[in-house]
Amino acid sequence: KQEVTQIPAALSVPEGENLVLNCSFTDSAIYNLQWFRQDPGKGLTSLLLIQSSQREQTSGRLNASLDKSSGRSTLYIAASQPGDSATYLCAVNNYGQNFVFGPGTRLSVLP
Amino acid sequence: GAGVSQTPSNKVTEKGKYVELRCDPISGHTALYWYRQSLGQGPEFLIYFQGTGAADDSGLPNDRFFAVRPEGSVSTLKIQRTERGDSAVYLCASSQGLGASQYFGPGTRLLVL
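Residue numbers (our numbering), protein chains in the order written: chain A, 1 to 111; chain B, 1 to 113.
Simulated from the structure, these hints should not be mistaken for lab results.
Note that the coordinates shown come from a computational prediction; the quantities given were computed from them, not determined experimentally.
Misleading hints may appear alongside valid ones.
Lysine to aspartate or glutamate pairs mimicking EDC-like chemistry, simulated, CA-CA at most 20 Å apart [what the hints assert, rightly or not]: (1) B:LYS15 x B:ASP56; (2) B:LYS11 x B:ASP24; (3) B:LYS11 x B:ASP86; (4) A:LYS42 x B:GLU44; (5) A:LYS1 x B:ASP86; (6) A:LYS1 x B:GLU44; (7) B:LYS15 x B:GLU71; (8) A:LYS42 x B:ASP24; (9) A:LYS68 x A:ASP84; (10) A:LYS68 x A:ASP27; (11) B:LYS78 x B:ASP63; (12) A:LYS1 x B:ASP57; (13) B:LYS17 x B:ASP56; (14) A:LYS42 x B:ASP86; (15) B:LYS11 x B:GLU83; (16) B:LYS11 x B:ASP56; (17) B:LYS15 x B:ASP57.
Now the stretches of chain B that chain A is said to cover, found in silico as 3 or more residues with beta-carbon under 8 Å [as the list claims (entries may be wrong)]: (18) 15-21; (19) 44-58; (20) 67-80.
Using N, Cα and C, we set each Cβ at its ideal position, and we do this for glycine too.
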């Protein structure tokens, strides 16, 4: 059974810092991995989707990497801004199965 | 274009009552998912539809929970004899197929008193 963990559970940084969020999964036979952000009281917004054949995906100040063999993905946020404050969730999809979510990392970017 | 919509946005009910939660997916998306999210946790998978059929309902916690998607578009999650432990945010997502990028609705907050 796939299990997904995220470290740290919470992170507080001053504006302008670069930061890394971590996602680990136990079953490396994944189809893809997706990163989401969730604002308080809101639904999830898709950030990046990485296919199993890819090593990384980039969108603006966000870069997500995938290392299937070690069961890890990282989300790199460059030059963080207060508007980046949210909970970041990773979700892993195994072949023919559904997405399994991690518990999330709660990010606060202080002005 | 319209995203995924869910109604109602909030639902308060009494223990033992029946509730229905509705999800309107993005037009043309064949896959539809229901998740449940408790405070401070990630979404927990409940059921997945491909077209009209439930392709995987392994996440439904018990037989009080049931979902339908009769025409392959709108879906309704039905909860019978609600319990206080059913209180959570119920999220719906749709995608172009299993494993494709998922797009989430804003959720329905269910509170069972």
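Provide an ascending list of the numbers of those earlier hints which the structure does not satisfy. When the structure is compared with the hints, numbers 1, 5, 7, 9, 13, 16, 17, 18, 20 turn out to be violated.
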